[in-house]
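Read off the chains here:
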Amino acid sequence: MKANALKRLIIFIVAELVAVAGAVWFFDPFYQYHEPFFGWEAVLNDRDNQMPGTIRNFQYDSVLAGSSVAENFDSAFLDEAYDCRTLKVIRASGSMADLLYYLEMAQEEKELENVFWCLDLFALNASTEVTLYGENTPRYLHTESFLDDIPYLYNKEVLLEKIPFMLAYGHEGMNTGGNAYNWARGKEFSAARALSAYERQGITKDTVIMQKDPAENRELILENIRLLEEQISAHPKTCYYVLFPPYSMLWWDCAYVNGELEERFYILEETVSMLLRHENVETYFFQNQAFVVCDLDNYMDMVHYSPEINRYMLERMAAGEDRVTEENWGRIMNQMRDMVEWIVREGIYSYYGQMAMKGHMGSLNRILAGS
Amino acid sequence: MLHDELLPQLQKRENRHFSAAGFYDGFTLFILGLAKKVLLADSLAVLVNAEFCNIEALDSLSAWVVIFWYMMELYFDFSGYCDMARGIGRMFGFRLPENFNSPFKASSVREFWRRWHMTLSRFLSQYIYFPLGGSRKGKARQCPNLLAVFLVSGIWHGANWTFVVWGLMHGLAAVFETAFPKLRFRWEWMNRLATAVFVTLSFSVFRSDSLEMAGLLWRKLFAEPGGAMLMGICNTLVYPENRVFIKFLEMKAPELLNGFFLVCFALLSGVSLLLLQGRKAEEWIEKRGHTLLGAFCLATLFVWSFLSLSQVSVFLYFNF
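Protein chains in written order, with our numbering: chain D, 6 to 376; chain S, 2 to 321.
Pulled out of the complex, with its shape left as it was, chain D reads as follows (with noise of 0.2 Å):
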């Protein structure tokens, strides 16, 4: 009698662990099989996890690259204004390793014809290591190998969890088509809300901040570079798009305030001079776009705008605007310099109370018509 229990036991244990292992692979909220069936629409809105999957299965021609600055660009005006179709391909620091690492393994797939890459300039002094293997980074997510899957298959946050947010998601439309890892919905983008991310420290008008000198860092932020000129130089026929987020003027006096500044101009120059270099590359610079970087009701923190500006910078990209050439990269450089220097000067003061704001903007005119 109990030889029958034994059975019967074993019997709903595997019925009940294929039901699992099923329903998971049919729903594949990590996109680690397949795209979805039955032409649903895929739902990323789990970045670190989704990733891997998607690059691999997902069918596309382009790939929009960058860290949580990228992530509310509608990819679906790329799709439109370049022929093409875009993957979204994110790494919430914007690691430069992290993000080669998700390009290469993108370029094993296929040829890309485009990368849009939203390049961050504090990407370029980060560490050079990938850092995609952390410990809470599950390991099957990298590896096209079945064996490893159990703890995806057998996973109670996947079943329970992920995959109910899933179809939720998608009911709604919620981070779908060209809103992949758009997370802006809810989120308040106004000055009250960035001046709350950022201490100041009570620095004054006449506190004097020494600059550290670029060359502290400038074995790692070279090295960042060559890695990417290297993936540039490996694929010629792949055309790079570069564009240089407007970061707001908390970032800049952030800087300055830290005594980074001159390594943040010297990552600047180098960067953009390597990418001058190559035929295959577009470069479009935005961080000197007044009107938007000190207007703090554009950002949310230090870095993170509304959507209405990765809008604004896909649109002046598709025409051809703000690219940089070698013939207007010096004067850009000028501007991008005097800018932060009223920035740090003035116009940050207008925000802490000390003057107005409508006046001094009327100074940093001056400076950007003069240069």
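Read the hints as simulated data drawn from the structure, not as lab findings. Careful: at least some of the hints might be erroneous.
[Unchecked claim] Derived DEER-like restraints, expressed as beta-carbon distance ranges:
#1 Leu152/D / Ala224/S: 55 to 65 Å
#2 Val153/S / Gly207/D: 51 to 61 Å
#3 Ala202/D / Phe186/S: 55 to 65 Å
#4 Cys54/S / Lys242/D: 53 to 63 Å
#5 Leu217/S / Ala202/D: 28 to 38 Å
#6 Leu310/S / Ile214/D: 47 to 57 Å
#7 Ala224/S / Thr212/D: 45 to 55 Å
#8 Leu310/S / Glu40/D: 24 to 34 Å
#9 Gly182/D / Arg220/S: 52 to 62 Å
#10 Gly271/S / Gly27/D: 54 to 64 Å
#11 Ser150/D / Cys54/S: 38 to 48 Å
#12 Met179/D / Cys54/S: 27 to 37 Å
[As the list claims (entries may be wrong)] Mimicking PhoX-like on lysine-lysine, the simulated pairs with C-alpha atoms at most 20 Å apart in a straight line are:
#13 Lys192/D / Lys253/S
#14 Lys192/D / Lys248/S
#15 Lys288/S / Lys12/D
#16 Lys106/S / Lys281/S
Computed from a prediction, not measured in an experiment: that's the story for all the values here. The C-beta atom is built at its ideal place from N, Cα and C for all residues, glycine as well.
On the provided structure of chain D, position chain S as indicated by the hints.
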């Protein structure tokens, strides 16, 4: 486990052959132990771990909830993996000794120790209490012997004053019960309740990182009346099983969210209390484990526990 319990089992010829009955009983006991640990103890641990890091914010009611939940967590955790070990033993033909026998049915501290971590109690009795003379030389010698056993038990659990104090508390309670055996409540349920409260209070010291922390917790228990924080601690009860509902309520009916957390709290408390007072695992297996519904329930518990293993916490008693 003592050698005279294990060796005869190793020598027995019939234990060397596969037995479907033994395997079934062992496997089902293993499943129930796994479920106790992974589904129940780890669920209780979510609130307990969060609040033991946040004692300063607790009030009296919430502090009582936290220590009772810790007591239940410890029991399900420890007895869960004892059942797993015994289950594996049974699958391979060995019978390992029982370590828990419904300890919350005990009506005195001394009875509690005959039901809780029975193997340790037996070990300490055999190697400390009896050699010291046990109860053979009158109460005047028995009381210090008892105190010594519990003190050793405290130190055995770790090099921290909290364990020493915990051991002393149990030792003093055992001495009190020995010295005044008639000083008891008339109703048995009152004795059981008093024992459970005492044991829970003492284990709150056991769980604390330091005596200062235990002192703070006791101040919260007795000197800061109030219950407003109960809702706050219930809000920590977020699991993969209920996260979809939480998200739904957050978006569609946020005013119902607190009520939902209270339901989760009541559900977990209710299930835990029922299991504490209910039948032992083996009795349940004997009565229901062989039916079709029983097999389905056991299979579902096994699969559910297996799915939870990706986020399982460490066994609490591994430190000891």
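Against the structure, the hints:
1. Against the hinted window of 55 to 65 Å, the Cβ-Cβ separation of Leu152/D and Ala224/S comes to about 58 Å, which satisfies the hint.
2. With their beta carbons about 58 Å apart, Val153/S and Gly207/D fall inside the hinted range of 51 to 61 Å.
3. The supplied range of 55 to 65 Å is met by Ala202/D and Phe186/S, whose beta-carbon atoms lie about 60 Å from each other.
4. One distance hint, 53 to 63 Å for the beta-carbon pair Cys54/S and Lys242/D, holds here, with the actual separation near 55 Å.
5. The hinted range of 28 to 38 Å is satisfied by Leu217/S and Ala202/D, whose Cβ atoms lie roughly 34 Å apart.
6. For the pair Leu310/S and Ile214/D, the beta carbons lie near 53 Å from each other, so the given range of 47 to 57 Å is met.
7. Separated by about 49 Å at the C-beta atoms, Ala224/S and Thr212/D satisfy the suggested range of 45 to 55 Å.
8. In this structure, Leu310/S and Glu40/D meet the distance hint of 24 to 34 Å, their C-beta atoms being roughly 29 Å apart.
9. For Gly182/D and Arg220/S, the hinted distance range of 52 to 62 Å is satisfied, since their beta carbons lie about 57 Å from each other.
10. A hinted range of 54 to 64 Å is violated for the C-beta pair Gly271/S and Gly27/D, which are about 33 Å apart.
11. Ser150/D and Cys54/S have their C-beta atoms about 39 Å apart, which keeps the hinted 38 to 48 Å range intact.
12. Checked against the given bound of 27 to 37 Å, the beta carbons of Met179/D and Cys54/S, roughly 34 Å apart, stay inside it.
13. Between the alpha carbons of Lys192/D and Lys253/S the distance comes to roughly 18 Å, so the proposed pair stays at or under 20 Å and holds.
14. Distance restraint check for Lys192/D and Lys248/S: the Cα-Cα separation of roughly 17 Å lies within the 20 Å cut-off, and the hinted pair is therefore satisfied.
15. Restraint check for Lys288/S and Lys12/D: the C-alpha separation of about 18 Å stays at or below 20 Å, so the hint holds.
16. Restraint check: the Cα-Cα separation between Lys106/S and Lys281/S comes to about 12 Å, which is no more than 20 Å; the hinted pair holds.
In this structure, only the earlier hint numbered 10 is contradicted, and the remaining ones agree with it.
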